[in-house]
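Enquirer: Let the sequences and hints guide you as you build the complete structure.
One letter stands for each residue in the lines below.
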Amino acid sequence: MKIKGAQALVASLEKEGVEVLFGYPGGVALPIFDALYDSKQINTVLVRHEQGAAHAADGYARATGDVGVCMATSGPGAMNLITGIANAYMDSTAMVAITAQVLTAVIGTDAFQETDTFGVTLPITKHNYLIKDARDLPDVMKEAFHLARTGRPGPVLIDVPVDVSRGEITYKYPESVNLPGYRPTLKGHAKQIKQAAHMIAKAKRPILYVGGGCLKAEAWDDIAKLAELAKLPTTTTMMGKGAFPETHDLSLGMPGMHGARYTNYAMTQTDLLIGIGVRFDDRVTGKLEAFAKNAKIIHVDIDPAEIGKIINADVPIVGDAKNIVDGIIRELKKMEHKPITGEWLHKIAGWKKKYPLHYHMEGALKPEFVVEQIYGLTKDRETVICTEVGQNQMWASQYYKITKPRSWVSSGGLGTMGFGLPASVGAQFGRPKAAVFDIAGDGSIQMVSQELATAVYNNLPINVVILNNGYLGMVRQWQELFYDRRYSASDLAVGTPDFVKLAEAYGAIGMRCTTPEEVAPALAKAIASPKCCVIDCVVEREENVYPMVAPGASIDEMLGGVPGGSLDEMLEEEGWE
Amino acid sequence: MKHTLSVLVENKPGVLARVSGLFGRRGFNIDSLAVGPTDDERLSRMTIVIDGETHSLEQVAKQLHKLINVLKINDLDPGESIERELMLIRVNAQPAVRAEVVEIANIFRAKIVDVARSTVTIEVTGTAEKTMGLLDLLRPYGIKELVRTGKIALARGSKEEK
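Protein sequences appear in the order of chains A and B. For the first sequence, counting from 1, position 104 maps to 104 in the numbering used here; every step adds exactly one. One gets the numbering used here by counting positions in the second sequence from 1 and adding 1000 to each.
This list has only true hints and no planted wrong ones.
Below, simulated BS3-like cross-link-like pairs (lysine-lysine); rule was C-alpha separation at most 30 Å, straight line: (1) K1066/B with K194/A; (2) K1066/B with K187/A; (3) K1072/B with K142/A; (4) K191/A with K1066/B; (5) K187/A with K334/A; (6) K1012/B with K142/A; (7) K309/A with K191/A; (8) K296/A with K1066/B; (9) K187/A with K231/A; (10) K2/A with K1012/B.
Derived by calculation from the structure, the hints in this document are not laboratory data.
Expert: Here it is in structure tokens:
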């Protein structure tokens, strides 16, 4: 039986188990949206801007572990997806983006709403396709989902000209893919695994440094087993939050630019850094020459290109994090390994006590306090925390202790303001029972506030908590510290809407908090409410995120927070070697 | 140091853009790039000459491998591979000096492929040393136009059989 290309596309989405598609229609996309109209399986969610579609698909993928799907029309529609695709690429989110394209016959003629979407998305996709013959469609769909979800996941874009959507084909969905150039290495090298285990057994000051790759590999239980077996202090990067409970005794929380003093001291003094599913991002390492300067390095990643890219590993292991961590555990058990990290743990415990994350309650409402209140009210229930980008994101990272995988959705590599609200939409679709929060700033939320409409008309009980300081807070913080307080183009106080009224205009519930006492009741009301709620927390205007490592500095040289010197000064003061 | 990469890719639309784009994005410089289909028309072979430190060469190869359409990458050892490029040179050759120009071409086993009133066009094939050597000798006569293919290379059969 012959069916139309658009119907084949939708049937393929159904075969891949797609239940939600975030999209926005337009001229040449109409055949596909028409086919979606008939789908009983796929809920087509109309966002209010294509960027929201891509971020929602991203949030959905991160909160569920499934592939997120978004769709836009040609030209402007496709271009509006770009930020969201780039964001997914940087954070290795499994995503399939479908864009419509003008007639194949007019491609290259600057036709109405024509853009070279294939060319534009080359550098920001794991792979991309421009389908020129409807008969290729089933294979392309199969390959796209396979590529998006396997190996190092990432976004795959499929550009579908309108005549391909309209064309008739005999449809049969392939059972397997034929990709001779794509064979991700999953199993780690046995000898390297053994060597890693030996180094872990001998290390006196090891650190387990866990990133987003461990979430993609679903290696959280294995990471916990390894940490507990070898008594390894464990730091989770911002992308790795959820791969190891931050409430665990062995947890060091987040490292790097806004890591706690104790975390960064430990990262600097370690003799063995065990990086798993991490990419030694500059926000983690600070000045490279000083980073973990006395440590041997084990680097586990599924992407061989990550190994040796930033830092040379003494033991590189390419493969799936779960397989490799399991392998290391088996080797350690064979060795009847007894951990020798007691002294190191004791030292770190001392630092934790001496240099905790810290803020002052005097003055106006503190953003850190708001995050702590959210944590207090949600830690015992299923929750997904999404964030925007900037100070809000860093306070959320520092003060919301993530204990479960797929509970943290934040734009890491690209640092995309405006990610959080649409990502919350996606997360809530994927996890209907979870309390979904968007911890936002007054700057970020204004980039995407139109998606409140998407939340409201879909009855999503998302809770948007705006840490409203009337500034582009992180920009202002850098200007204060590094640009002589010259607040160029960062003051939002004038012109920002009344967020309570804005929420109400969209049919959401709006609340405002200006004092600490108002926060918990407002949050409780929001959590209990079946509606989308926006809580405008008017916070201290010039609160900074501390501690902070200045860009380019060594991560043990931190500004702010509980006062402390560099690691060398610290060790001298404490009388260590 | 220059490296010659022999890259086997799927012969599909956009593959050249993927490869050349990747080099540009990652800040790797391409000296030359030659591409054409292999005996199996579904595959193409690219010969890419890059200028790179060993460290970045490893990154180049790893990043190239990440492209779905790239099947195989060989870093060719100059001692164990055959390297050729083809150059067409249109050089001034007024009747008074034409014999000299032809003689130089002959020494290099180059061919005269076109003759006009005041110029000849010479085709030369060989290693870059040879083609550049000929070019140096012809330069005093006045080079009117020049085109070169960029290097193509294959590992020696003895190397493949090892």
